[in-house]
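K.L.:
Listed below, chain by chain, are the residues.
There are 2 protein chains.
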Amino acid sequence: MISQENGSGTPMSAAASTNQGQRPQPVTLRQVAEAAGVSTATVSLVVNKKKSARIAEETRHRVLDAIRELGYRPNAMAQTLVSGSSRFIGLVADAIATTPFAGQIIHGAQDEAWKHGFALLIANTEGNRELETDAIAMMLEYKVRGILYSTWFHRATELPAPLRESDFVLVNCFSAEPGARAVVPDEIQGGRSATEILLKHGHRRIAFINATIPAPAKDGRLQGYKEALEAEGITFDDGLVLEAYPDQEGGYGAAQELLKLGATAVYCYNDRMAMGLYDGLREQGLSIPDDIAVVGFDNQEVIAAHLRPPLSTVSLPHYELGAAGVRMLLGLEEPQATAPTKIYCPTVERNSVRALAPA
Amino acid sequence: MISQENGSGTPMSAAASTNQGQRPQPVTLRQVAEAAGVSTATVSLVVNKKKSARIAEETRHRVLDAIRELGYRPNAMAQTLVSGSSRFIGLVADAIATTPFAGQIIHGAQDEAWKHGFALLIANTEGNRELETDAIAMMLEYKVRGILYSTWFHRATELPAPLRESDFVLVNCFSAEPGARAVVPDEIQGGRSATEILLKHGHRRIAFINATIPAPAKDGRLQGYKEALEAEGITFDDGLVLEAYPDQEGGYGAAQELLKLGATAVYCYNDRMAMGLYDGLREQGLSIPDDIAVVGFDNQEVIAAHLRPPLSTVSLPHYELGAAGVRMLLGLEEPQATAPTKIYCPTVERNSVRALAPA
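If you read the sequences in order, they're chains A and B.
Each step along the first sequence adds one to the number in my numbering, with nothing skipped, and position 231 is 231.
Each step along the second sequence adds one to the number in my numbering, with nothing skipped, and position 343 is 343.
It is possible that some hints are incorrect.
Because identical chains cannot be distinguished in the list, a pair is counted as satisfied if it fits within a single copy or across any two copies.
As the list claims (entries may be wrong) - Pairs of lysine to any residue residues, derived as SDA-like cross-links and limited to a Cα-Cα distance of at most 20 Å, are as follows:
1. K200 - T264
2. K115 - E141
3. K49 - T28
4. K226 - L242
Please keep in mind that the hints were generated in silico from the structure rather than gathered at the bench.
Please take these sequences and the hints and turn them into a complete structure.
P.N.:
Dropping the structure here:
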């Protein structure tokens, strides 16, 4: 049997003591009890917020004052046992903490979790299935309230088996499995917004350099491009859609073919592609935005704001994806009727687009 | 009082049950006991690895087999109470999870922690002191083995007061406080290596564009540049050192002044600066590396490998910083005699440097 006294204020274990000799000794439950002039059992009841325990308001305040004055730290592990669930939310990430891209998912999830009194337990698995299974097992053993399962780029995913033992929400990915709640970026709306930046500046012959790699973003961003053109009464022309590998080298390589299309503006699948296209267009002696207007997608830090000229683009809502995932996990936000739940991608206008001069 | 039976296999709390109705019911300690034909107390002793308990080897195996077959998950919170310390290492990060830069610190720390049976409890504080204090308090309440306190760029730091209540190591930052162990990048060696890339290609008139912002990197990278020149018998010339804001706009703005110096090569304080300098040099009609060789620092993903031409640079050892921090915290690696402990910055050669043609 474990007594609450042992559980709710044990001194640091021997293993944790170190060469940092100046560290103060942790305050014990007994010291709090002595300072407040009550029994250790009473302190324990106050710390664990036992509703059934009848403790005089005056006594409770005396205990809380002593806790504050002495700097006593209750043992959260023991409180978890008492309350039956922990204040952890697990975040399984394939690589969002380590790629220079989707880290804001963590930021958004953490802010929202903290707001509701939860802490994030993060595991970065680099997409390794074995690590992923271990990470989820660890989270289950720590009795997490639920798990966010997230990927650094938007894609379909196979659920790892142990995930089903917990409440979970998929973030930036989705599964065909019934009941699997998910939040993803609204790629169609994003593609529409990117195209609309160019349309509202008078461009009508707009090329689109799409990715060669199959992905929800590839289909969604093309669909949005078509919808935006249609809304302006412009017939979709398949000949204005190129494909390239979605990085700088792909964008650079697409420059010559693009120039043959006679477009006055181009919308690139992502910012990295736009960065390479800038170099390719410059080598052909063209100036952005005077000779051709360019729009990207992602609003990738380090790149978009720092190209010459700074790039107009559409932002991936990573922070919102993390925050919405937590709200959905905690039952504070209902999933949209048409799954997965889609998050709005905002427009970011800079200087790579100029109004088309009248012909 | 908390019984071990409640503590070591409680069913999910009501709060965790959801609309995901297909979730299997967690296996209880009682089911394991029934399957193994032993008492729940015996299962509990096996799960908690009580050394003092005398349990027949055959019985222990029967229990472990039942645990595996049924998929029983022990309660890590309860095990922590029994063992007196948790298997968590805390990682307090100002912004390393959310800037597109130092995320590999998390990767390295996690890999090393997992290797030794620890999980990371990560809090991203955005440098907010109040959040930081809350995060450390939470970690102390979860009885972490120790805390890594890390920053996204190398700098001196003030220790938050509650950090001293735990064993800790500073990662990518340092403090003058006695006994505060720290791991940081070896900026001087990095600056030497960057300059040596240019020297070994025959360059002798090498400019350095340093940062305007005071930082250990500013002093260290300059010191390394001086040492590398001196080792080749080249007198340091203050007139070859420019200063600019350490981003693309700073590098771009330094191009014209650089050209007045008659240097055949330039070493930039960071890759972002080199990216801007590329644009500035191109506008002046110069070609890299034919007219001038360029070296950066940081090996920043998204940029360095994808410039035209790809940039030779020196890598910040973020992964190693995280891993070394964990090893030091666990007492597996001694701090270097001259604190803080410095981590080697490797050279990454690409195509922005060419051998200097004989004059």
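K.L.:
Using 20 Å as the alpha-carbon threshold, which applies to K115 and E141: within, between, both, or neither?
P.N.:
between (24 Å within a copy, 18 Å between copies)
K.L.:
Using 20 Å as the alpha-carbon threshold, which applies to K200 and T264: within, between, both, or neither?
P.N.:
Intra 13 Å, inter 47 Å, cutoff 20 Å: intra-copy only.
K.L.:
Tell me, please, which holds for K49 and T28 at an alpha-carbon limit of 20 Å: within, between, both or neither?
P.N.:
Close inside one copy (18 Å), not across copies (26 Å); limit 20 Å.
K.L.:
Reference check for the pair K226 and L242, CA-CA at most 20 Å: within, between, both, or neither?
P.N.:
within (14 Å within a copy, 50 Å between copies)
Every hint from the earlier list agrees with this structure, and none is contradicted.
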